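Trainee: Given the sequences, and given the hints that come with them, work out the whole structure.
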Amino acid sequence: MTTETTNSRAEQSFREWLLSETPSSRRHARLAAAYKGWLRLRRNHMAMFGLGILVALVIIAAIAPWLAPYDPYAQVLSDRLLPIGSEGHLLGTDSLGRDILSRLIYGSRITLYIVTLVALIAPVAGLMVGTIAGYVGGWTDTILMRITDIFLAFPKLVLALAFVAALGAGIENAVLAISLTAWPPYARLARAETLTIRSSDFISAIRLQGAGPVRIITRHIWPLCISSLIVRVTLDMAGIILTAAGLGFLGLGAQPPSPEWGAMISEGRRFLLDHWWVATIPGLAIFTVSLAFNLLGDGLRDVLDPKDGKS
Amino acid sequence: MNLLDVEDLWVRFPTSSGVFDAVRGISFSLGRERLGIVGESGSGKSMTGRAILQLIRPPGRIEAKRIDLQGKPLLNASDKEMRAVRGSRISMVMQDPKFSLNPVMTVGDQIIEAYRLHNKASRRDARARAIEMLEAVSIRNPERVLRAYPHEVSGGMGQRIMIAMMMIPNPQILIADEPTSALDVSVQGQVLGIMNQLVQDRGMGLIFISHDLNLVAEFCDRVLIMYAGRIVEVCEADKLHEAKHPYTQGLLNSLPRLDEPKDRLEALVRDPEWRQQPSVSGLL
Amino acid sequence: MALAEKQAKGRVSPPFPRWMRTTATTLASVAFTMLGLLFITFIIGRVMPIDPVLAVVGERASQETYDAAYEAMGLDKPLLVQFGYYIWDVLHGDFGDSLLTARPVSEDIARVFPATFELATLGTLIGIFAGVPLGVMAAVHRGSWIDQIARVVALVGYSMPVFWMGLMGLLVFYGILGWVAGPGRVSIFYEGMVPTVTGMMLVDAALDGNWTVFRDAFSHIILPASILGYYSLAYISRMTRSFMLEQLSAEYITTARVKGMSERAVIWGHAFRNIRVQLITVFALSYANLLEGSVLTEIIFSWPGIGSYITTALLSADMNAVLGGTVVVGLVFILLNIFCDLLYKVLDPRAR
Chain A
1 MTTETTNSRA
11 EQSFREWLLS
21 ETPSSRRHAR
31 LAAAYKGWLR
41 LRRNHMAMFG
51 LGILVALVII
61 AAIAPWLAPY
71 DPYAQVLSDR
81 LLPIGSEGHL
91 LGTDSLGRDI
101 LSRLIYGSRI
111 TLYIVTLVAL
121 IAPVAGLMVG
131 TIAGYVGGWT
141 DTILMRITDI
151 FLAFPKLVLA
161 LAFVAALGAG
171 IENAVLAISL
181 TAWPPYARLA
191 RAETLTIRSS
201 DFISAIRLQG
211 AGPVRIITRH
221 IWPLCISSLI
231 VRVTLDMAGI
241 ILTAAGLGFL
251 GLGAQPPSPE
261 WGAMISEGRR
271 FLLDHWWVAT
281 IPGLAIFTVS
291 LAFNLLGDGL
301 RDVLDPKDGK
311 S
Chain B
1 MNLLDVEDLW
11 VRFPTSSGVF
21 DAVRGISFSL
31 GRERLGIVGE
41 SGSGKSMTGR
51 AILQLIRPPG
61 RIEAKRIDLQ
71 GKPLLNASDK
81 EMRAVRGSRI
91 SMVMQDPKFS
101 LNPVMTVGDQ
111 IIEAYRLHNK
121 ASRRDARARA
131 IEMLEAVSIR
141 NPERVLRAYP
151 HEVSGGMGQR
161 IMIAMMMIPN
171 PQILIADEPT
181 SALDVSVQGQ
191 VLGIMNQLVQ
201 DRGMGLIFIS
211 HDLNLVAEFC
221 DRVLIMYAGR
231 IVEVCEADKL
241 HEAKHPYTQG
251 LLNSLPRLDE
261 PKDRLEALVR
271 DPEWRQQPSV
281 SGLL
Chain C
1 MALAEKQAKG
11 RVSPPFPRWM
21 RTTATTLASV
31 AFTMLGLLFI
41 TFIIGRVMPI
51 DPVLAVVGER
61 ASQETYDAAY
71 EAMGLDKPLL
81 VQFGYYIWDV
91 LHGDFGDSLL
101 TARPVSEDIA
111 RVFPATFELA
121 TLGTLIGIFA
131 GVPLGVMAAV
141 HRGSWIDQIA
151 RVVALVGYSM
161 PVFWMGLMGL
171 LVFYGILGWV
181 AGPGRVSIFY
191 EGMVPTVTGM
201 MLVDAALDGN
211 WTVFRDAFSH
221 IILPASILGY
231 YSLAYISRMT
241 RSFMLEQLSA
251 EYITTARVKG
261 MSERAVIWGH
271 AFRNIRVQLI
281 TVFALSYANL
291 LEGSVLTEII
301 FSWPGIGSYI
311 TTALLSADMN
321 AVLGGTVVVG
331 LVFILLNIFC
341 DLLYKVLDPR
351 AR
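Chains as they are written, first to last, in the numbering used here: chain A, 1 to 311; chain B, 1 to 284; chain C, 1 to 352.
Careful, some of the hints might be misleading.
Claimed, not checked - Heads up, incomplete: computed chain B residues facing chain C, CB under 7 Å, no partners named:
(1) Gly87
(2) Arg89
(3) Ser100
(4) Leu101
(5) Asn102
(6) Ala114
(7) His151
(8) Leu192
(9) Val280
(10) Leu284
Said to hold, decoys possible - Subject to a maximum C-alpha distance of 30 Å in a straight line, what follows is the list of computed DSS-like cross-link-like pairs (lysine-lysine):
(11) Lys98/B - Lys65/B
(12) Lys244/B - Lys262/B
(13) Lys345/C - Lys156/A
(14) Lys72/B - Lys120/B
(15) Lys345/C - Lys98/B
(16) Lys65/B - Lys244/B
Stated by the list, open to error - Now the in silico label distances, taken between C-beta atoms and shown as ranges:
(17) Ala62/A - Ala206/C: 34 to 44 Å
(18) Val55/A - Ala206/C: 32 to 42 Å
(19) Arg273/C - Gln197/B: 27 to 37 Å
(20) Glu191/C - Arg270/A: 19 to 29 Å
(21) Pro59/B - Gly37/A: 47 to 57 Å
(22) Pro256/A - Asp67/C: 33 to 43 Å
(23) Phe202/A - Asn253/B: 35 to 45 Å
(24) Leu39/A - Arg273/C: 52 to 62 Å
Since the hints were made in silico from the structure, they are not lab data. Computed from a predicted model, the values in this text were never measured in an experiment. Note that CB positions come from ideal geometry on N, CA and C, so glycine has one too.
Mentor: Following this line, the structure appears as structure tokens:
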């Protein structure tokens with residue numbers, strides 16, 4: 001009882017410390033801003049719903065071996081194409097008698113893997129190109145932005161297809177292909193941000209203090225571009241998942257027998273009319289996850305980027 | 001008979017933290033005169049103008065004992081009846097022609113549209129009327145202006161076009177909501193002069209909404225001073241200096257005057273008490 | 001006043017009229033983008049691990065045949081020269097021969113393109129005619145149930161894999177309900193019944209006056225077109241809504257209401273008139289996205305269009321066909337962009 005009250009009192013004062021209008025240090029200010037953003041995000045129920053789904057996805061992926069009732073690769077040909085709700089197979093089995101639920105659970109790892117890799121590669125590449133173009137200006141800017149435009153002129157999926165065709169099918173190549181098609185919008189965004197930041201007074205002050213361009217870009221411009229990039233990445237995640245699933249569906253991403261969701265739909269397609277669940281269930285999983293990213297992205301945009309968050 | 005009688009008008013906006021009252025129970029009449037409504041921003045003066053035309057958008061609400069146009073009640077008029085009133089009987093000129101004219105329609109199309117909404121006329125006749133009207137607001141090259149787009153005309157000309165457009169259906173009342181605030185000082189007088197002339201010639205009533213006390217005093221017959229959604233004082237424009245309310249006095253004293261130079265102008269000190277005082281009636 | 005001023009001042013006239021300079025810069029940027037596009041496809045063709053010579057001469061060819069083919073294909077020349085050859089060929093509409101069909105890729109594409117064009121056009125039309133009113137209504141009745149519905153429709157559209165929706169559509173409307181015909185463009189016994197004029201089944205059937213075939217073709221196209229249309233609807237309605245919201249809060253809308261216009265006339269005659277130009281850009285973008293979405297949809301519906309063509313070629317490492325298809329789709333993208341720019345200049349008085 002007593003410990004509880006002291007605990008809640010400590011919590012209370014921590015809250016107050018976070019919400020104080022007069023931060024005592026830079027870290028304090030940063031934490032306080034993050035906390036206030038979190039409070040605003042928490043009021044958005046749809047965004048919290050999306051976040052909940054994504055947290056669940058991460059947990060499921062982490063504890064997949066303990067969660068999955070079966071080995072996702074174990075084929076039991078006598079139990080082929082069991083319908084939903086069969087004994088021992090909650091979501092039924094596929095054409096090789098593999099448990100669909102177990103495959104879904106393991107598939108979440110692949111989805112997370114692809115999403116994480118693309119989210120690390122594409123925005124970073126875009127950030128570099130964009131900030132350099134914006135900061136250096138002149139010919140460098142013109143050339144880099146022209147290249148960006150060329151990539152933007154391509155239909156994304158078709159370009160990704162052509163890349164995968166050249167590199168060969170596989171998860172890593174799919175990630176590479178998606179990243180190659182995903183970076184240009186980030187470069188544009190980062191460049192626009194850089195242009196506004198570059199002309200601001202505090203950058204001139206830093207330059208007067210003798211900071212070189214590398215230091216200015218990495219220590220002062222990048223941190224300011226991050227928040228808008230994060231919003232954009234979250235909103236793009238849904239699209240990345242869909243593209244990855246599309247590549248998997250075409251047989252150009254993860255290779256069988258890997259339980260990638262897109263590939264699972266492709267396998268189930270042959271039995272669609274008689275055994276609908278084989279193709280339907282992995283599709284629902286893709287839909288749920290990309291919906292979650294969309295909801296969270298919308299919420300984040302409202303919090304971090306209030307200027308165009310009215311839609 | 002008065003052109004317009006407004007009694008106990010409220011304009012309310014529900015917000016997440018309760019209902020906000022922009023206008024709080026004001027009453028006034030308009031005869032064939034020039035009535036000024038003066039107040040600072042947020043005093044509810046623009047809302048009053050828009051409430052008369054019932055242009056407050058939901059969730060905003062208008063409540064009143066009565067709003068009568070020449071003795072006929074407007075308050076419970078249907079949408080259709082209100083549309084017949086807007087433009088043809090009561091019209092309004094707004095602050096900035098840059099925003100109040102549709103950027104992708106020619107000036108001609110917009111004026112002709114205003115005329116044909118209330119008059120059965122062929123396009124050709126409407127066009128002829130539009131040219132006459134543009135001439136009436138001293139536009140020298142009406143044919144060319146009709147073909148121009150709003151971004152191709154200057155602010156002063158834009159406001160004259162706006163006046164022409166609002167006057168063409170021949171309304172009895174014109175509400176002018178800060179009509180010169182967005183214009184260069186050099187053309188303000190000219191635009192006001194044109195508006196005044198038209199209003200006088202046609203025997204119309206004018207409601208002139210402004211934050212500029214001097215301008216209103218010079219231009220109007222009678223002045224309502226609004227503060228925090230209420231009318232705090234009503235007086236004849238030429239007797240403004242005898243105003244009793246401390247807010248009006250404060251406004252007057254915060255303006256520099258050539259005939260009584262001062263070293264230091266007074267800053268207006270607002271008494272919270274003013275918000276509570278009952279609204280003064282401007283009824284005739 | 002500004003009008004008169006503009007003419008009176010008479011700026012120093014440049015050596016070329018303005019439209020000539022803008023056309024020149026537009027053309028230059030298009031040429032540059034095209035060149036970049038070709039360069040990327042060229043590079044993709046180069047990194048391809050499959051030996052292009054072997055693909056031509058076959059596994060069992062002698063070394064001499066191999067070398068001869070190697071030289072004939074210009075592979076001994078420096079990369080830049082090869083790139084030059086490549087551009088030259090593409091400019092002549094020569095993408096090489098397809099390994100799969102053993103015909104020139106350009107002929108293949110000319111044959112399959114109308115199918116994609118027909119599908120994507122119908123899809124975009126569905127998206128426009130449903131999405132624009134939905135977006136306008138959502139903006140006008142902001143926060144109401146219709147706005148909520150529009151929001152959900154768009155969210156679902158942004159989150160659902162297009163190929164899965166195609167499968168579900170087939171399952172429900174073809175498999176269970178039997179309302180529409182299954183995969184393919186036309187039932188097998190009607191195939192070849194109407195002469196090919198445009199390559200678009202609906203148009204050809206109508207031109208021939210063969211309404212039986214028309215009905216059958218319509219029954220085949222309506223499901224894939226609706227599914228593509230749904231995606232463009234999601235995008236178009238969102239954009240329409242946000243454009244409309246911006247316009248509806250503008251002061252000229254109040255002016256129109258003051259004039260005594262009906263709400264309907266205010267919305268469509270004034271506010272909507274102001275977003276037309278922006279919307280055209282959205283339409284073009286959504287059309288471009290549909291070309292892309294059709295790659296996956298065509299496979300689900302066995303639709304013999306450019307998407308099916310590229311993916312089939314891809315799975316059998318038919319690189320000429322893949323690159324040819326990619327270049328053509330990229331070209332359509334670029335043309336759509338130019339088309340938008342031009343329309344913008346024609347329709348928006350402020351841009352003239």
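Trainee: Could you see if the CB distance from Phe202/A to Asn253/B stays within 35 to 45 Å?
Mentor: 42 Å, holds
Trainee: I want to verify a distance hint. Is the separation of the beta carbons of Arg273/C and Gln197/B within 27 to 37 Å?
Mentor: 33 Å, holds
Trainee: Verify the CB-CB distance for Val55/A and Ala206/C against the hinted window 32 to 42 Å.
Mentor: 54 Å, violated
Trainee: Holds or violated: is there a CB of chain C closer than 7 Å to the CB of Gly87/B?
Mentor: 3 Å, holds
Trainee: Is the straight-line distance between the alpha-carbon of Lys72/B and that of Lys120/B 30 Å or less?
Mentor: 24 Å, holds
Trainee: Determine whether the Cβ-Cβ distance between Ala62/A and Ala206/C falls within the hinted range of 34 to 44 Å.
Mentor: 58 Å, violated
Trainee: Classify the hint on Leu284/B as holds or violated, based on whether any CB of chain C lies nearer than 7 Å to its CB.
Mentor: 25 Å, violated
Trainee: Go through the hint on Val280/B and say holds or violated, using the shortest Cβ distance to chain C against 7 Å.
Mentor: 28 Å, violated
Trainee: Using the beta carbons of Glu191/C and Arg270/A, state whether their distance is inside 19 to 29 Å or not.
Mentor: 24 Å, holds
Trainee: Given the hinted pair Lys345/C and Lys98/B, is their alpha-carbon gap at most 30 Å?
Mentor: 21 Å, holds
Trainee: Does Lys156/A lie within 30 Å of Lys345/C when you go C-alpha to C-alpha?
Mentor: Holds, because 28 Å separates the two Cα atoms, which is no more than 30 Å.
Trainee: Below or equal to 30 Å on CA atoms is what counts here, so check Lys98/B against Lys65/B.
Mentor: 36 Å, violated
When the structure is compared with the earlier hints, violations turn up for hints 2, 8, 9, 10, 11, 17, 18, 21 and 24 and for no others.
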